[in-house]
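Colleague: Spelled out, the chains give:
Number of protein chains: 2
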Amino acid sequence: MKIQPVRGTRDFYPDDMAFRNWLFERWRRASRRAGFVEVDGPVLEPLDLYTEKSGEEIVDQLYWLEDKGGRRLALRPEFTPTLARMFTARQAALPEPVRWFNISRCFRYERAQKGRLREFFQWNADVLGVADEIADAECIALAVDSLAETGLRPDDVEVRLSDRRLLGALVRHLGIADALVPQVFAVLDKRGKVPPEALEEMLTQAGLAPAQRDGLARILTWQGLADIEGHERATPEVACAIEGLERLLGYLEAYGVSEWCRFDIGIVRGLAYYTGPVWEVHDRKGEFRAVFGGGRYDRLLEDLGGKPMAACGFGCGDAVLGLLLQERGLKPAPDPAAEYFVASAGKANLLDVLAAVRHLRQRGLAAAFDPKGGSLKRQMKKAADAGARFVVIAGDAFAETRQVTLRDMGTGDQHDVALDDLGA
Amino acid sequence: MKIQPVRGTRDFYPDDMAFRNWLFERWRRASRRAGFVEVDGPVLEPLDLYTEKSGEEIVDQLYWLEDKGGRRLALRPEFTPTLARMFTARQAALPEPVRWFNISRCFRYERAQKGRLREFFQWNADVLGVADEIADAECIALAVDSLAETGLRPDDVEVRLSDRRLLGALVRHLGIADALVPQVFAVLDKRGKVPPEALEEMLTQAGLAPAQRDGLARILTWQGLADIEGHERATPEVACAIEGLERLLGYLEAYGVSEWCRFDIGIVRGLAYYTGPVWEVHDRKGEFRAVFGGGRYDRLLEDLGGKPMAACGFGCGDAVLGLLLQERGLKPAPDPAAEYFVASAGKANLLDVLAAVRHLRQRGLAAAFDPKGGSLKRQMKKAADAGARFVVIAGDAFAETRQVTLRDMGTGDQHDVALDDLGA
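Just so you know, the protein sequences line up as chains A and B, in that order. My numbering puts the first residue of the first sequence at 1, with every later residue one more than the last. My numbering puts the first residue of the second sequence at 1, with every later residue one more than the last.
Rather than coming from a laboratory, the hints here were simulated on the basis of the structure. Positions of the beta carbon are idealized from the N, C-alpha and C atoms, including for glycine. There could be a bad hint or two in this list.
Said to hold, decoys possible - Cut-off 27 Å, straight-line C-alpha distance, at most; resulting in silico cross-link-like pairs (BS3-like, lysine-lysine):
1) A/Lys-2 - B/Lys-68
2) A/Lys-2 - A/Lys-114
3) B/Lys-372 - A/Lys-307
Claimed, not checked - Here chain A is said to cover these stretches of chain B; the calculated rule only asks that three of the stretch's residues, wherever they fall, bring their Cβ under 8 Å from a Cβ of chain A:
4) 32-44
5) 368-374
Okay, chain A solo, but in the shape it has when bound (with noise of 0.2 Å):
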């Protein structure tokens, strides 16, 4: 028998789990220091929570199983409606802001690609009861601050961010029927994913007028909140989508990570259920699709069920992210496996070595050894392919003086010292 993995799925090894590892520490690290506490749910859900609110065509980008009792299970494909779950069975005892974080793996039953996995890690941070912008600020300052800690500074990276609400009411300001609004959105979504003759195609397939058609595009060509001009500002609905950004942006400003984002008016999102701020990191060069992004969703807990409640979070996934960092040269090189390695010299032998292993880890260090022992020469190479800073050589003297040589493994230099003195 010879297994492969299931297609879209990672094997971690060492180097691949200590990268992920680092990268989880960063994330989880951001996201204490901005006052997150993480929270977890299942892998395994009811399918229900997902077609509830996207329908049964959902069912075949998920896997999915029919337990003994017939009752259908998904394996998560995100964590946003089991947070909706959680929080709605809890609501009246948790007290409000809300500010949740969770790392989960997730999985989706979709072509894998570069970056695309069918078995990935998602980051996910939300506040739940703020309907300012202030909240969504926060979200944007935390997924900055989490980039600036894997060493991605403002040149590499970007925040470009919208308000589905200003484009809304600019696309309804066209003559655009309210019940088109969505179906625009999706299409505006495909912008740089598909050719712009194919998205002029779809916007005419979904019933607008060429007048519309071209006012889009004009909306399309802003740079900034300047470029409205003053007939769409006097409508009441643009005027009040304008005042949010210029709030947004404002707290942006006080949490200083204005140099890190950009408004794009053509930002919106492919989900459905967001409903005002939006946003989405890019690398500046643009080799990769959206690293991540996020957006406000004030109405998705309550068509989960819940009340009605003001929310809006992001969700990372950890596979651009990984290939991002590693095309910057930003993944961090290994961890050896321990610091110390113990080796033993002449009349020195195996219960020696754990006794110097003993106090090593009890002192709190990571100390290895070779359990086939053998020559020193054979010992020290052990050591050396197992990433060693430190080899500790108990020889002749140390069953009666505990004495031993140090050797330090990047300078060559060694001495000798009294075992208990290290680590004290």
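Using the hints provided, position chain B relative to the given structure of chain A.
Modeller: Frame of chain A, contents of chain B only:
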């Protein structure tokens, strides 16, 4: 809609999640101190990976599904087959011995009950490539170190250890046929879980003669290796097994963990694949079933398609251990969401709060605030709810002087300080 979670799964609200992180951190710390490196594999594995070794009957105890290509995929019930698959795929390039650990979410479709869940976490540590009992000792010492890390003491728990080679040799010395030994082991593993009469009945069913059952009963009364009789010691197979166990006990002495360990001839472990030393951690009061256990499995890698490879290790679930720690009062109090909470008073506004928050976070301190602001009294209540240790109050003078009032929530003391001196 009000969707219930799947039976046998858990929601991890902040307190549960804090405990999970606390436990995982201790597992990781102990593993790394002992020179083990972390790895992981997918949750989704080919179902064959489990049926190949355990037969089709295991399918009933697993969660599995058929993908669009008709391939059967399982949610991993344990990590060892994945470990074997990963090791085998890179065997030539991996420096031996391999010391790997893993913390994985696993799934078993069995009756959910106290301490037994359908979705749980398991910590695995394994040493591959070492035939000597030093590797078994290394695993047991690591298990003990992890228990000590959680606050458990030798009077709370003990490691009961034996060697299947010894019991196997003694059973064969009773004249029980080789082919019956696995069945006898399976019955013995039920000791303490079913009434003695049921056990007796099962042994009779297995075909044991009365004298053989009496002989087995006598062996199971032994308290130590010294109880083994002369005619048994004279059997080469028994003599060899005793030597191995004595080496193991000698190593455990050298690791300084003897007081945690006790020889128990009746420990066999349920899994069929063990070939040598086997051990289980039990609470001394006997309130719980085995907390966890492990052993040597020198033939498993070959059976799973690899080269012959000496191997041993253990798997430790989070559920029973969690109950034990709870019972012994060792579950830690959860940390506050953020150590600092920034409030505004007088003329200070939300932007001032953000300026202070930004300063603290840049210094690496965790800082929260209430986005809705409101009266100082209201904000102080929010700070207390969040468990903050310090409240930083930005008042009238803040915008000009960056002076704040620092209040210690534990003592109630407060005094004025320059914001820039905090976290310096």
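Colleague: Report holds or violated for chain A covering the region 32-44 of chain B, Cβ cut-off 8 Å, minimum 3 residues.
Modeller: This one holds; 13 residues, not fewer than the three required, reach chain A with a Cβ under 8 Å.
Colleague: Compare the distance between the alpha carbons of A/Lys-2 and B/Lys-68 with 27 Å, and conclude whether the hinted pair is satisfied.
Modeller: holds, 22 Å
Colleague: Assess, step by step, whether the Cα of B/Lys-372 is no farther than 27 Å from the Cα of A/Lys-307, and give holds or violated.
Modeller: Holds, because 19 Å separates the two Cα atoms, which is no more than 27 Å.
Colleague: Is A/Lys-2 close enough to A/Lys-114, meaning Cα to Cα at most 27 Å?
Modeller: holds, 25 Å
Colleague: Are 3 or more residues of the region 368-374 of chain B near chain A, judged by a Cβ distance of less than 8 Å?
Modeller: holds (count 5)
Hint check: no violations occur; every hint is consistent with the structure.
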